[in-house]
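Use the sequences and the hints to build the structure in full.
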Amino acid sequence: MLTEIQEGKSLGPVVKHITQEKINLYAEASGDFNPIHVDESFAAKTPFGGTIAHGMLNLAYVSEMMTLAFGRSWVSGGKLRAKFKESARPGDTLTITGKIDCIEQETDVSYANCSFECRNQRGEAIVTGEAIVKVSSGKE
Amino acid sequence: MPDKAISYEELMPGYKFPPATYELKPSFVSKYLRAVDSSGDGFVPPLAIAACAIATMTKSVPLPPGTIAIHASQELEFLKLVPSGATIECHIGVAQKIARGKMSMLVLELEIFDKAREKVQSGRATIALPT
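From first to last, the protein sequence lines are chains X and S.
Under the working numbering, think of the first position of the first sequence as 1, with each following residue one higher.
Under the working numbering, think of the first position of the second sequence as 1001, with each following residue one higher.
It is worth saying that the hints were derived from the structure and are not from the lab.
Warning: the hint list may mix true and false statements.
To be verified - Taking lysine-lysine and the DSS-like style, the derived pairs with C-alpha atoms no more than 30 Å apart in a straight line are:
id : chain 1 : residue 1 : chain 2 : residue 2
1  : X       : Lys85     : S       : Lys1102
2  : X       : Lys83     : S       : Lys1097
3  : X       : Lys79     : S       : Lys1097
4  : S       : Lys1119   : X       : Lys134
5  : X       : Lys85     : S       : Lys1031
6  : S       : Lys1102   : X       : Lys83
7  : X       : Lys134    : X       : Lys83
8  : S       : Lys1102   : X       : Lys99
9  : S       : Lys1119   : X       : Lys83
10 : S       : Lys1115   : X       : Lys134
11 : S       : Lys1031   : X       : Lys83
12 : X       : Lys22     : S       : Lys1059
13 : X       : Lys85     : S       : Lys1080
14 : X       : Lys99     : X       : Lys45
15 : S       : Lys1080   : X       : Lys22
16 : X       : Lys22     : X       : Lys83
17 : X       : Lys79     : S       : Lys1115
18 : X       : Lys85     : S       : Lys1016
19 : X       : Lys79     : S       : Lys1119
As structure tokens, this is what we get:
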């Protein structure tokens, strides 16, 4: 976890390698067997030209970075807004980074407003977004 | 839970899909953690819970044959820790349906409750459907 919560502080990086095996495992765990993710011959005939990772798999990596930074404040009290910009494909290496953009004080509570992005090895944005985490409370 | 009674054309804002119940067994949690290449701490990762809701959504929305749905955006709020072994209920409803050129956008609202009927997560997903 972060030892200091301050504006401008970097989050991550978390680095993950995407494989078809991981996509298949995610399909089994989540129950989302959409053929665009798991059927290579079907996906090859689509405009994607091959299988793509579930957007929620990419977003799980973002959540992992937020959990590493903020611990339980994130998993119970966190909020995120994400845009899926591009697809991640088998063979891609994703790097997830973030930053605390500002800290807002509201009466007894402080909130860290963060931005995050997930990029592939070519620097293309796969997921971008914002997250808010409660970082302190006068009651604690 | 699939709702065979309604077609995509009939889906309108305000429509609620039948709720789906999931038991978040330790075996599910460990399979999820393996899939996302992560380690756990006794609680269910919030994105694992969201994954159940999204799975409910993808099974529920009656897409036109051959359509590839694209997950365009996702909002989530995590309200409560959920222990491994808990049972959750996912509620999905249609918030908006927008036709934009050759693209149709479906905005779905999701709410997830635990057995005590306390809300553990809420969110909003936008699904793009090329037409």
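Item to check | Those earlier numbered hints the structure runs against, lowest number first | outcome: 8 and 14
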